[in-house]
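Engineer: Below are the chains, spelled out letter by letter.
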Amino acid sequence: MVYLTRKAEFSASHYYHNPEFTPEENRRIFGKCNNPNGHGHNYTLEVTVKGDVDSRSGFVVDLKQLKEILNREVLEAMDHRFLNKEVPEFVNRIPTTENLAIAIWQRLAPKLKAAQLHRVRVYETPDLFVDFYGEV
Amino acid sequence: MKAHLTRRYMFSASHRLHSDEMSPEENVATYGKCNNPYGHGHNYALEVTVSGPIDESTGMVCNLGDLDGFVEREILEHFDHQNLNTLAEFAQAVPTTENLCAAIYDILQRGFTRAHLEKVRMDETMMNSFEYAGGAEMRR
Chain A
1 MVYLTRKAEF SASHYYHNPE FTPEENRRIF GKCNNPNGHG HNYTLEVTVK
51 GDVDSRSGFV VDLKQLKEIL NREVLEAMDH RFLNKEVPEF VNRIPTTENL
101 AIAIWQRLAP KLKAAQLHRV RVYETPDLFV DFYGEV
Chain B
137 MKAHLTRRYM FSASHRLHSD EMSPEENVAT YGKCNNPYGH GHNYALEVTV
187 SGPIDESTGM VCNLGDLDGF VEREILEHFD HQNLNTLAEF AQAVPTTENL
237 CAAIYDILQR GFTRAHLEKV RMDETMMNSF EYAGGAEMRR
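Sequences listed follow chains A and B, in order.
What the first sequence shows, in my numbering, is residues 1 to 136, in sequence order.
What the second sequence shows, in my numbering, is residues 137 to 276, in sequence order.
Next up, chain A with everything else stripped away, as it sits in the complex (with noise of 0.2 angstroms):
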C-alpha cells in the first residue's frame, strides 16, 4: 500500500450564520466570521489517496487523471466563489473547513476509482487545518 498526495490551492469567501441562533448568539459564537459580507481565505488542500501500485505503470494512481477530477470536481465549484451563496452544499450548511473537507471528500470519494481516498486535509490558514477520513 503506498499513500499519494496531491496538492492545490483555491482562494474563497464565506461567512458563519446559523439562522436558528439569535444575532447575538451568531456574533458570540462565530465572533468575525458572522460578517454578512464575507471575508476571504487562500485555501490549500491536500488529497492523499491510497492504493496498491500497479505493476505495469508504477503508479498508485494516474497524477494526471487525480489533478483532473480536482479541478473539475472543486476548484472549478469553489476557486474565486462565495461558498455560501455559490456552492450548494453550503446553502444550508455553514462553510466552516470542517464542512469544507466533507464536502470535498464527498465530492472526490465517488470519482476515484483505482486508488481510494483516505484523507482530505484543508488548510484554511498555516495555522489552522482540517483533517477527514471519511469518518461517520
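Honestly, I wouldn't trust all of these hints.
Simulated crosslink set (DSBU-like; lysine-lysine; CA at most 35 angstroms straight-line) [claimed, not checked]:
1) A:50 <-> A:113
2) B:169 <-> A:85
3) A:111 <-> A:67
4) B:138 <-> A:64
5) B:138 <-> A:32
6) A:50 <-> A:7
7) B:169 <-> A:111
8) A:67 <-> A:50
9) A:64 <-> A:50
10) A:32 <-> A:64
11) A:50 <-> B:138
12) A:113 <-> A:67
13) A:7 <-> B:138
14) A:67 <-> A:85
15) A:85 <-> A:7
16) A:32 <-> A:113
17) A:111 <-> A:50
18) B:138 <-> A:113
19) A:67 <-> A:7
20) A:111 <-> A:7
21) A:85 <-> A:111
22) A:67 <-> B:138
No lab work stands behind these hints, which were simulated from the structure alone.
Got chain A sorted already, so can you dock chain B onto it with the hints?
Structural biologist: Only chain B this time, still in chain A's reference frame:
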C-alpha cells in the same frame, strides 16, 4: 461526521539539556552544545490536534475561540519567553522537546474538555519535530 482539527501556535523559550544523573563528561557527550551551562533558545511551533463529531449547529469540532483561549492562558502564558529549566515541569525532567511535548499534552488532556485530544506536535527547529499522542497509535 468526525473530523480532526489542527491549530498551530508559536512561542519562544530557552533551555539547557543537563541530567544530574550523569557525570559532567557524560552530559557533554550526550547533549553536546545543548549542555552549555548558560542555555540557549528556540522558536517552538506547537500544533494541537483535536477531534470529534462536528456540531451541526456550528459546523465545528470545537469553537476555535475556546481552544485558542485555553492554549493562550494555560500554555503560551506559561512557557513563552521563559527558561524552561526554571519551570515546575522540568524540576526533575530534562527539558528536551520530547518532555516538553508530553508536558503540553498533559496540560491539554487535563484541562481542555471541548474536544478529544488526538496529539501534540512540536517543531523545535525547522529540522526537528516531535509528536506525542499519550502513548496511543498516531493517525497518518
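Engineer: Going through the earlier hints one by one, which of them does the structure break, listed in rising order?
Structural biologist: 2, 7, 10, 16
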